[in-house]
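Engineer: Heads up: the protein sequence lines correspond to chains W and P, in order. Sequential numbering from 1 applies to the first sequence in my numbering. Sequential numbering from 1 applies to the second sequence in my numbering.
A hint or two may mislead.
[Claimed, not checked] Here are the computed lysine-lysine pairs in the BS3-like style, where the Cα-Cα straight-line distance is at most 27 Å:
1) K130(P) to K50(P)
2) K50(P) to K129(W)
3) K38(P) to K22(P)
4) K50(P) to K161(P)
5) K33(W) to K43(W)
6) K22(P) to K129(W)
7) K50(P) to K22(P)
8) K124(P) to K22(P)
9) K129(W) to K124(P)
[Stated by the list, open to error] Okay, the calculated beta carbon distance ranges per label pair:
10) S109(W) to E149(P): 47 to 55 Å
11) G22(W) to I157(P): 20 to 28 Å
12) G59(W) to S91(P): 54 to 62 Å
[Claimed, not checked] Partial pick of chain W residues on the chain P-facing surface, computed with a CB cut under 10 Å:
13) K33
14) S37
15) R58
16) A60
17) I122
18) T123
Hints are computed from structural coordinates only; laboratory data are not their basis. Here a beta-carbon is modelled for each residue, glycine too, at the ideal position from N, C-alpha and C.
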Amino acid sequence: MRLQISTQLAIFAALELAAREGQQLSVADIGEKYGVSSHHLAKVMHVMGRAGLVRSVRGAGGGYQFAGNARRTTLLDVVQLFEDANSAEREGGAADATPEGQALRQVLSEIDDIARATLGSITIATMRKLVERNASGNGRQPKTGQQRPRGELAS
Amino acid sequence: MAAARKKRAAKTDAEVGVRRVKAADMTNVIELDAHITKVPKADYWNDVFKRYGRQRLHERFFLVAEDRVDRENPRLLGFIIGEVRAWEFGSTPCGWVFALSVDPDARLHGSGRALLDAISAAFKKAGVSKMRTMVERNTMLQMLFFRSEGMMAGPYIQLEKDLD
């Protein structure tokens, strides 16, 4: 599966901002890390702002803050702002009426369903854990600092 | 009955502990499952208890989470069941979780996570290094939970067909 550049940038921006709760980042800060122009990123942030996922902070040191709930906002919420997650539903012309066209749409719908389920089940918070796990390089769950209930099996 | 269950599992600052199921837990397990699924099935659960609560316990794990704030009367918060499975379509032995249930009135207190942690540790102790489960892809509550615990799509895909 391939996401448009704008979609990828939106996810990256959400991840960067969600990692800094209560702080703000400028589009230049984010753009520099991902090698993208501030102009392009500003358009992306505008769309995310309208969706309530980020808020702009004006003044010196201003920028953007994450305004969503990282444990509730999924990748699908972000992706759907920028692209059609139901590509198999699109009109395919006369071919769609043929058994061959219907069979192809059936297969493409299956792919779309799986993609939607995947994107819809991964929150920004879960992605942050994945990012931290990859950054640590040991493939283990990151420690969040939160006290976990006792999970050992008592005899 | 539901009121009693709700009272037992009222939202408080739970002290979650996990242990193996006992016969005395089954009434609460059956009641919790019926509350969540709306399909009472005592016979099924009693059979599950015989198989997973009493046999081959070195590789079968039927665990319950309980709130131990009141040590004299711990409250059942949820349960998890799994076993070590091997060689299905070439799979090397793995820990397979096939049931996880947490009282809706006791969620967001870490019970599900404690249960998953406990069965993960039990699987590791049993000698396997991979844990798997199967979730209906539109059941977002379970999908979000397992994802948040680091579970990713594996190399197997579930297939089905209508039997005409």
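Engineer: Work down the list of hints and note, for each, if the structure agrees.
Structural biologist: Results of checking the hints against the structure:
Among the hinted pairs, K130(P) with K50(P) is consistent with the structure: their alpha-carbon atoms are about 25 Å apart, no more than 27 Å. Annotation: proposed proximity of K50(P) to K129(W) is violated, straight-line Cα distance about 38 Å (limit 27 Å). The suggested pairing of K38(P) with K22(P) holds, with an alpha-carbon distance near 23 Å, which does not exceed 27 Å. The straight-line distance between the Cα atoms of K50(P) and K161(P) is roughly 32 Å, outside the 27 Å bound, and the hint therefore fails.
For the hint linking K33(W) to K43(W), the alpha-carbon distance of about 17 Å falls within 27 Å, and the restraint holds. Only pairs whose Cα atoms come within 27 Å are accepted, and K22(P) paired with K129(W) is rejected, the gap being roughly 35 Å. Pair hint K50(P) plus K22(P) holds up; C-alpha atoms about 11 Å apart against a cutoff of 27 Å. Our distance criterion of 27 Å between C-alpha atoms is met by K124(P) and K22(P), whose separation comes to about 22 Å.
Only pairs whose Cα atoms come within 27 Å are accepted, and K129(W) paired with K124(P) is accepted, the gap being roughly 22 Å. Here the CB-CB span from S109(W) to E149(P) is close to 29 Å, at odds with the stated 47 to 55 Å. Between G22(W) and I157(P) the C-beta distance comes to about 41 Å, which lies outside the given range of 20 to 28 Å. The hint said 54 to 62 Å for the Cβ distance between G59(W) and S91(P), and at roughly 58 Å that hint holds.
The beta carbon of K33(W) comes no nearer than 25 Å to any beta carbon in chain P, farther than 10 Å, and the hint placing it at the interface is violated. Hint status for S37(W) relative to chain P: violated, with the closest Cβ pair at about 33 Å, above 10 Å. With 10 Å as the threshold, the beta carbon of R58(W) stays out of range of chain P, its nearest partner Cβ sitting at about 34 Å, so the hint is violated. Below 10 Å, beta-carbon pairs count as interface contacts, and A60(W) has none with chain P, the closest being about 37 Å; its hint is therefore violated.
Satisfaction of the interface hint for I122(W) is found here, the shortest Cβ-Cβ separation to chain P being roughly 5 Å, below the 10 Å cut-off. Hint status for T123(W): holds, given a least beta-carbon distance of 7 Å to chain P, under 10 Å.
Taken one by one, the earlier hints fail for this structure at numbers 2, 4, 6, 10, 11, 13, 14, 15 and 16, listed in ascending order.
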